[in-house]
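Colleague: This is what each chain is made of:
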Amino acid sequence: MNKAIHPVHAASDPVIEVRGLDKTYEGGFRALKGIDLTVRRGEIFALLGPNGAGKTTLISIICGIVNPGNGTVTVDGHDIVREWRKTRTIIGLVPQELKTDAFESVWNTVRFSRGLFGKAPDDAYLEQLLKDLSLWDKRDAKILMLSGGMKRRVMIAKALSHQPTVLFLDEPTAGVDVELRRDMWAMVRRLRESGVTIILTTHYIEEAEDMADRVGVINKGELIVVSEKNALMQKLGKKQLRLQLHEPIASLPEALNDYRLELNGKRDEIIYTYDTQSERTGITALLKDLSAAGIGFKDLSTRQDSLEQIFVDLVRESA
Amino acid sequence: MNLHGIRAIYKFEMARTGRTLMQSVLSPVISTTLYFVVFGAIGSGIRNIEGIGYTAFLIPGLVMLSLLMQSVSNASFGIYFPKFVGTIYEVHSAPLSYLEIVTGYVGAAATKAIIVGLIILATARVFVHYSIAHPGVMVLFLVMTTVGFSLFGFIIGIWADNFEKLQVVPLMIITPLTFLGGSFYSVHMLPPFWQKVTLFNPVVYLISGFRWSFYDIADVNVGISIGATLFFLALCLTGVWWIFRTGWRLKA
Chain A
1 MNKAIHPVHA ASDPVIEVRG LDKTYEGGFR ALKGIDLTVR RGEIFALLGP NGAGKTTLIS
61 IICGIVNPGN GTVTVDGHDI VREWRKTRTI IGLVPQELKT DAFESVWNTV RFSRGLFGKA
121 PDDAYLEQLL KDLSLWDKRD AKILMLSGGM KRRVMIAKAL SHQPTVLFLD EPTAGVDVEL
181 RRDMWAMVRR LRESGVTIIL TTHYIEEAED MADRVGVINK GELIVVSEKN ALMQKLGKKQ
241 LRLQLHEPIA SLPEALNDYR LELNGKRDEI IYTYDTQSER TGITALLKDL SAAGIGFKDL
301 STRQDSLEQI FVDLVRESA
Chain B
1 MNLHGIRAIY KFEMARTGRT LMQSVLSPVI STTLYFVVFG AIGSGIRNIE GIGYTAFLIP
61 GLVMLSLLMQ SVSNASFGIY FPKFVGTIYE VHSAPLSYLE IVTGYVGAAA TKAIIVGLII
121 LATARVFVHY SIAHPGVMVL FLVMTTVGFS LFGFIIGIWA DNFEKLQVVP LMIITPLTFL
181 GGSFYSVHML PPFWQKVTLF NPVVYLISGF RWSFYDIADV NVGISIGATL FFLALCLTGV
241 WWIFRTGWRL KA
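Top line first, the protein sequences correspond to chains A and B.
Numbered according to the numbering used here, the first sequence terminates at residue 319, and the numbering increases by one at each position without gaps.
Numbered according to the numbering used here, the second sequence terminates at residue 252, and the numbering increases by one at each position without gaps.
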């Protein structure tokens, strides 16, 4: 992949800037409500949100598929309305659905995409691209004959055929088996290493947790939060200490009320939820108080909220 | 100007013709041959029209019939199919102006129609000897008609939201207008009232002008024919310009 993509860029300056973007469709549905967003060059940015939140509308506007409403969008400093030709040359898009020319061969469809984006034929580049995506052996096959996973790779090859520096992946692993999904994420990492900025939406939030540098959560057309993924998880993610007791207890002693402990269904496990951001977690004091109350435990474990749980909480709060 | 983009669309559309050779080329040739056989036999009673043998008289009308049908169907299908399967997203997201998109699709549709028209002319040679009095004007009509009707087909392809609609206009409008536009007869053969009514049919001007380029005979002055063809071309161009300016049925 490295041979096929571009040199590495500095990873700090903004590449996409969205300011006050609104979109209301003809029927009156307001899909975006004053979106402000900055995507940094060279990062993997995960845009999360439930169905109908506005993710695809936002991506479609930036890519030129949907007309923008009020507000501005710039890509690499170029306005998407006034300098559309420049911005579209920079962007590659892998749409959510498998939209391909079923009767065309892999090779021809990739060459078509490259030409469409104004690039002169470069068979050496396309050969490398298809090899990187394990499609070279299928280059003469009609797309109709390919499996779903292979078709998804073809979509990626088409999006990369004109060597974009910004790549949008709209649900790229939807309906893809585990092995291929892992391959695709490895490819995404390689693309990022080569300097491509990647904006992805996914329903597999554990993937965003694993891959993304930053995360944005959108719901009902509003961007609820944009944050470094790790900072978001630290800030909003609750951590739990679970203590497995020697024997079940009927109830928790009143002396432990301040800890807001929970008992599990079998009453043999105490769950303590604490704030990772505070100076003191209260764990030491809790263990001392448990000992004083005569409650012994045989094992303990800690668990942090996943990005998925944070996402669900955020969406629920904003509803 | 994104010349690579125009070329990509053009080549893609032309390649589709290659894949559907039977439907694209052989089918119109066979149907035209049948026209020659059937109308040649029926018209054997008609000695000549304005000094031209009936079978030779048919040639410009039959070529024009195929040109119109081919232009409309090629262009309408060319833009409708990517809309239908969803691949139109790629054209919208590409750095292509509306003029470049239209040039690619309409250029390919017009080229295919001209190729079919020329094949029909060659096929006609098997049946009858004919000459072309004004080759330059013949080429002019060939190009203006195919481009104009390809633009019209492009509009139909954008308007249509199912395959039935795609077929409705060619079958319900183009075919009757062509059959009643003097493909198989001279307008002068009609009763005086119908001679006047038929002048409202735009296809009359195309066929008349095209036939003039072959045999120097026309139902309508050739200058008026060229003017009417250019007017139709301008009308379709305006329609396409409006569609892209507003994004009608293309962009949300």
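Any given hint might turn out to be false.
[As the list claims (entries may be wrong)] Below, a list of computed lysine to aspartate or glutamate pairs in the EDC-like style, where the Cα atoms sit at most 20 Å apart:
no., chain 1, residue 1, chain 2, residue 2
1, B, K251, A, D22
2, A, K151, A, E171
3, A, K99, B, D161
4, B, K251, A, D79
5, B, K251, A, D213
6, B, K251, A, D123
7, B, K11, A, D22
8, A, K229, A, E254
9, A, K99, A, D177
10, A, K99, A, D140
11, B, K11, A, D213
12, B, K251, A, E262
13, A, K288, A, E262
14, B, K83, A, D213
15, A, K239, A, E193
16, B, K11, A, E171
[What the hints assert, rightly or not] Here are the computed distance ranges between Cβ atoms for each label pair:
no., chain 1, residue 1, chain 2, residue 2, range
17, A, D140, B, V85, 17 to 23 Å
18, B, I173, A, Q96, 47 to 53 Å
19, B, L21, A, R82, 43 to 49 Å
20, A, E97, B, L21, 29 to 35 Å
21, A, E97, B, A15, 22 to 28 Å
22, B, I173, A, E97, 54 to 60 Å
23, A, G77, B, K11, 29 to 35 Å
24, B, I173, A, G27, 27 to 33 Å
25, A, V81, B, K196, 48 to 54 Å
26, B, V85, A, A231, 40 to 46 Å
[What the hints assert, rightly or not] Short derived list, chain B residues pointing at chain A, Cβ under 7 Å:
no., residue
27, S24
28, G86
29, P95
30, A122
31, T123
32, K251
Hints are computed from structural coordinates only; laboratory data are not their basis.
All C-beta atoms, glycine included, are put in the ideal place defined by N, C-alpha and C.
Colleague: Now tell me, hint by hint, if it's right for this structure.
Modeller: Hints and how they fare:
Simply put, B:K251 and A:D22 have alpha-carbon atoms about 16 Å apart, close enough for the 20 Å limit, and the pair holds. For the hint linking A:K151 to A:E171, the alpha-carbon distance of about 14 Å falls within 20 Å, and the restraint holds. At roughly 17 Å between alpha-carbon atoms, A:K99 and B:D161 fall within 20 Å of each other, so this suggested pair holds. A C-alpha spacing of about 19 Å is found between B:K251 and A:D79, which places the hinted pair at or below 20 Å, so the restraint holds.
Taking the CA atoms of B:K251 and A:D213, the gap is near 32 Å; set against the 20 Å cutoff, the hint is violated. Restraint check: the Cα-Cα separation between B:K251 and A:D123 comes to about 32 Å, which exceeds 20 Å; the hinted pair is violated. Simply put, B:K11 and A:D22 have alpha-carbon atoms about 38 Å apart, too far for the 20 Å limit, and the pair is violated. A threshold of 20 Å between alpha carbons decides the hint, and for A:K229 with A:E254 the separation of about 38 Å lies outside it, so the pair is violated.
Of the supplied pair hints, the one linking A:K99 and A:D177 holds, its CA atoms being roughly 19 Å apart against a limit of 20 Å. Among the hinted pairs, A:K99 with A:D140 is consistent with the structure: their alpha-carbon atoms are about 18 Å apart, no more than 20 Å. For the hint linking B:K11 to A:D213, the alpha-carbon distance of about 41 Å lies beyond 20 Å, and the restraint is violated. A threshold of 20 Å between alpha carbons decides the hint, and for B:K251 with A:E262 the separation of about 54 Å lies outside it, so the pair is violated.
Taking the CA atoms of A:K288 and A:E262, the gap is near 17 Å; set against the 20 Å cutoff, the hint holds. The hinted pair formed by B:K83 and A:D213 fails the criterion: a straight-line CA distance of about 36 Å is larger than 20 Å. Distance hint between A:K239 and A:E193 is unfulfilled; the C-alpha atoms sit about 32 Å from each other, more than 20 Å. For the hint linking B:K11 to A:E171, the alpha-carbon distance of about 31 Å lies beyond 20 Å, and the restraint is violated.
For the pair A:D140 and B:V85, the supplied restraint of 17 to 23 Å holds, since their beta-carbon distance comes to about 21 Å. The hinted range of 47 to 53 Å is not satisfied by B:I173 and A:Q96, whose Cβ atoms lie roughly 38 Å apart. The hint said 43 to 49 Å for the Cβ distance between B:L21 and A:R82, and at roughly 44 Å that hint holds. Range check, A:E97 to B:L21: about 31 Å between beta-carbon atoms, so the 29 to 35 Å window is met.
Between A:E97 and B:A15 the beta carbon distance is about 24 Å. The supplied range of 22 to 28 Å therefore holds. The hint said 54 to 60 Å for the Cβ distance between B:I173 and A:E97, and at roughly 34 Å that hint is violated. Roughly 33 Å separates the CB atoms of A:G77 and B:K11, a value that falls within the hinted 29 to 35 Å. Between B:I173 and A:G27 the Cβ separation comes to about 31 Å, which falls inside the hinted range of 27 to 33 Å.
A C-beta distance of roughly 51 Å is found between A:V81 and B:K196, which places it inside the suggested range of 48 to 54 Å. Remark: the range hint 40 to 46 Å for B:V85 to A:A231 is upheld by a beta-carbon distance near 42 Å. At a threshold of 7 Å, the smallest CB-CB gap from B:S24 to chain A is about 14 Å, leaving the interface hint violated. Residue-level restraint check for B:G86 holds (minimum Cβ-Cβ distance to chain A is 4 Å; threshold 7 Å).
Against a cut-off of 7 Å between C-beta atoms, the interface hint on B:P95 holds, since the closest Cβ of chain A lies about 4 Å away. Hint status for B:A122: violated, given a least beta-carbon distance of 29 Å to chain A, over 7 Å. Hint status for B:T123: violated, given a least beta-carbon distance of 28 Å to chain A, over 7 Å. The criterion of a C-beta within 7 Å of any C-beta in chain A is met by B:K251, whose closest approach is roughly 5 Å, and the hint holds.
When held up to the earlier numbered hints, the structure conflicts with 5, 6, 7, 8, 11, 12, 14, 15, 16, 18, 22, 27, 30, 31 and fits the remainder.
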